[in-house]
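Starting from the given sequences, assemble the full structure and let the hints guide the process.
In order, the protein sequences belong to chains A and B. So for the first sequence, the numbering used here puts the first residue at 1; every next one is plus one. So for the second sequence, the numbering used here puts the first residue at 1001; every next one is plus one.
Just so you know, not all the hints are guaranteed correct.
What the hints assert, rightly or not - Part of the chain B face toward chain A, derived, beta carbon under 10 Å:
1) N1007
2) Q1093
3) A1109
4) L1110
5) I1134
6) A1150
Everything labelled a hint here was simulated from the structure, so no lab data went into it. The beta carbon of each residue, even a glycine, is placed where N, CA and C say it ideally should be.
2 protein chains.
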Amino acid sequence: MHLKGFNHTGIQEILDAAGVPKGSFYNYFKNKEDFGLQVIDYFVGYFSFFTEGITSERSLSPLEKIRRILDQFASFFESKDYAYGCPVGNLSQEMGDLSPAFREKLKEALDAMAGIYAQLLKEAQARGEIPESIDPTEAAYFIVSSWHGALIRMKVEKSSEPLKSHLKFIFDYVLKRR
Amino acid sequence: MHLKGFNHTGIQEILDAAGVPKGSFYNYFKNKEDFGLQVIDYFVGYFSFFTEGITSERSLSPLEKIRRILDQFASFFESKDYAYGCPVGNLSQEMGDLSPAFREKLKEALDAMAGIYAQLLKEAQARGEIPESIDPTEAAYFIVSSWHGALIRMKVEKSSEPLKSHLKFIFDYVLKRR
Chain A
1 MHLKGFNHTG IQEILDAAGV PKGSFYNYFK NKEDFGLQVI DYFVGYFSFF
51 TEGITSERSL SPLEKIRRIL DQFASFFESK DYAYGCPVGN LSQEMGDLSP
101 AFREKLKEAL DAMAGIYAQL LKEAQARGEI PESIDPTEAA YFIVSSWHGA
151 LIRMKVEKSS EPLKSHLKFI FDYVLKRR
Chain B
1001 MHLKGFNHTG IQEILDAAGV PKGSFYNYFK NKEDFGLQVI DYFVGYFSFF
1051 TEGITSERSL SPLEKIRRIL DQFASFFESK DYAYGCPVGN LSQEMGDLSP
1101 AFREKLKEAL DAMAGIYAQL LKEAQARGEI PESIDPTEAA YFIVSSWHGA
1151 LIRMKVEKSS EPLKSHLKFI FDYVLKRR
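Here is the structure:
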């Protein structure tokens, strides 16, 4: 589903990949849409857990934490031959217009992800790492969105260049003190 | 296909929407993939034609032309209840990992779109509208990519806010003279 998208992945493929019988699937999920929605929750849980490992590191400044999060995702994509992209970005693109239930869930997911960056940007602002003039919440959404756009280009370029360029524009332009 | 994606749209739906019989389809297209690739060419042709109407306007500065292009696309999405997104961004996300033929064609499409912005940014730089320090080509790709990311969030938010915020960060931060 991460690679092929939601609509292009059949329940049978999911069952085969997980090695569980059909009956078990319907014990846990009402239908395929319900499964998709729970995948989003699962990923947001993973994202929170993953980022918490970094945000709790006392040796890093708030801005360094943001960079570390993005660097580690970039390493993941490098190890996967620049495939997959972000489940939340992918599903927003694919399902945002097709299912109100997905749209609502994905909006929450984007809010949660941006919320983590917004908190770090507020801390960075309090420490004078980024300009006073920046709105931490708006900048957090821009980091998430422009990252999703960079991941789209990464899939086509099959290189780390789009992600590196994203980091450069975010850190050297948008968040730069001047 | 623009709304539902490539894999989720059947040839029969395309035939029904176009009002042509199956035989005609196979007169023009080898198969569904060939059709998809020609859709990308068609859109890039449209994008070039559309932007040429703006880039040829003598009353606008190069930077104003970029803003006009993005503003007009934003008006289009507003009229479509913030659905659809960019065909090239959508297909890159959906097909970049699934088909080498799509990947190659989409890479060309992204290059063509970024090329138009790069040319305008070079002109803007020559006129002192943007800083000397910016690489026009890299900034052009960032405009395209971060726009694709903003379109993803637009689909979920169903508002113009992601696109407006994109313009703000591009023009007030990335391209700002200081």
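How the hints compare with the structure:
1. Interface restraint check for N1007/B: the shortest CB-CB distance to chain A comes to about 4 Å, inside 10 Å, so the restraint holds.
2. With a least beta-carbon distance of about 5 Å to chain A, the hint placing Q1093/B at the interface is held under the 10 Å criterion.
3. Evaluation of the A1109/B hint against chain A yields a held restraint, the C-beta minimum of about 9 Å falling below 10 Å.
4. The closest approach between the C-beta of L1110/B and any C-beta of chain A is roughly 6 Å, which is under the 10 Å cut-off, so the hint is satisfied.
5. Interface restraint check: I1134/B against chain A, minimum CB-CB distance 9 Å, threshold 10 Å, status holds.
6. The restraint placing A1150/B at the interface with chain A holds, with a minimum CB-CB distance near 5 Å, inside the 10 Å limit.
No hint from the list above goes unmet by this structure.
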